[in-house]
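Trainee: Residue strings, one per chain:
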Amino acid sequence: DVKVTQSSRYLVKRTGEKVFLECVQDMDHENMFWYRQDPGLGLRLIYFSYDVKMKEKGDIPEGYSVSREKKERFSLILESASTNQTSMYLCASSSGRTQYFGPGTRLLVL
Amino acid sequence: AQSVTQLDSQVPVFEEAPVELRCNYSSSVSVYLFWYVQYPNQGLQLLLKYLSGSTLVKGINGFEAEFNKSQTSFHLRKPSVHISDTAEYFCAVGRLNAGGTSYGKLTFGQGTILTVHP
Numbered sequence: 172d173v174k175v176t177q178s179s180r181y182l183v184k185r186t187g188e189k190v191f192l193e194c195v196q197d198m199d200h201e202n203m204f205w206y207r208q209d210p211g212l213g214l215r216l217i218y219f220s221y222d223v224k225m226k227e228k229g230d231i232p233e234g235y236s237v238s239r240e241k242k243e244r245f246s247l248i249l250e251s252a253s254t255n256q257t258s259m260y261l262c263a264s265s266s267g268r269t270q271y272f273g274p275g276t277r278l279l280v281l
Numbered sequence: 092a093q094s095v096t097q098l099d100s101q102v103p104v105f106e107e108a109p110v111e112l113r114c115n116y117s118s119s120v121s122v123y124l125f126w127y128v129q130y131p132n133q134g135l136q137l138l139l140k141y142l143s144g145s146t147l148v149k150g151i152n153g154f155e156a157e158f159n160k161s162q163t164s165f166h167l168r169k170p171s172v173h174i175s176d177t178a179e180y181f182c183a184v185g186r187l188n189a190g191g192t193s194y195g196k197l198t199f200g201q202g203t204i205l206t207v208h209p
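Protein chains in written order, with the numbering used here: chain A, 172 to 281; chain B, 92 to 209.
Hints listed in this document are in silico derivations from the structure and should not be mistaken for laboratory results.
Treat the hints with care, as some may be off.
Quick list of the computed label-pair ranges, beta carbon to beta carbon [to be verified]:
1. A:D197 x B:S161: 38 to 46 Å
2. A:R215 x B:Q133: 29 to 37 Å
3. A:D199 x B:L142: 37 to 45 Å
4. A:I248 x B:E107: 15 to 23 Å
5. A:K241 x B:L142: 42 to 50 Å
6. A:G187 x B:T96: 32 to 40 Å
7. B:Q136 x A:T186: 31 to 39 Å
8. A:T254 x B:Q93: 26 to 34 Å
9. A:L279 x B:Q133: 34 to 42 Å
10. A:S253 x B:L147: 31 to 39 Å
11. B:L98 x A:M198: 19 to 27 Å
As the structure is a prediction and not an experimental result, all values here were calculated from the model.
A virtual CB, placed ideally from N, CA and C, is assigned to each residue, including glycine.
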């Protein structure tokens, strides 16, 4: 079974803090993705990576950056957290067309 | 750019009744499609997928979906729902590029909350 893990299920941060969300997959997948999920908006792609050190912007990259130093790990970074980044963050990985998701991190920015 | 529309944001239904969750997409190129399910406070779980071949696809938990290219739809159906099917369901579409490959990027619909009542 594919396993995608995220470092935290729940996170509370203050405005202006730098926030790191970590995602690890154990299936040697080339592609990894970060989404945010908000009620009524579905999932929106923030960034994705198709290889180590390679990344591309998704639909809503503003206020975020990513890092992929190793194939199994994809990190999402909020350089200076703001209240409008309060959301559910989902990581996924794929080796082809099917994406497999982690359990999500619910982030609250105060 | 492609888009996905899930026509109902909420669908209430009684236990053992049939259900259909509707999904339409817009794309002028070849696509592949998924339905995912999300139970409360969990990530997304793959329900079923259409990559190619037979347009009727069967998934887990008794769900099935039919790819209709002419109507650009991929509606999800179950003949008899259970209380445990209460969850949010997401339709997603991916686009094949000119070489027939993809990085696996998907566009998701807004989600449909299915509530099964006893």
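Trainee: Indicate, hint by hint, whether the structure satisfies it.
Mentor: A quick look at each hint next to the structure:
| no. | hint | result |
| --- | --- | --- |
| 1 | A:D197 x B:S161: 38 to 46 Å | 41 Å, holds |
| 2 | A:R215 x B:Q133: 29 to 37 Å | 19 Å, violated |
| 3 | A:D199 x B:L142: 37 to 45 Å | 21 Å, violated |
| 4 | A:I248 x B:E107: 15 to 23 Å | 48 Å, violated |
| 5 | A:K241 x B:L142: 42 to 50 Å | 29 Å, violated |
| 6 | A:G187 x B:T96: 32 to 40 Å | 37 Å, holds |
| 7 | B:Q136 x A:T186: 31 to 39 Å | 33 Å, holds |
| 8 | A:T254 x B:Q93: 26 to 34 Å | 31 Å, holds |
| 9 | A:L279 x B:Q133: 34 to 42 Å | 18 Å, violated |
| 10 | A:S253 x B:L147: 31 to 39 Å | 46 Å, violated |
| 11 | B:L98 x A:M198: 19 to 27 Å | 34 Å, violated |
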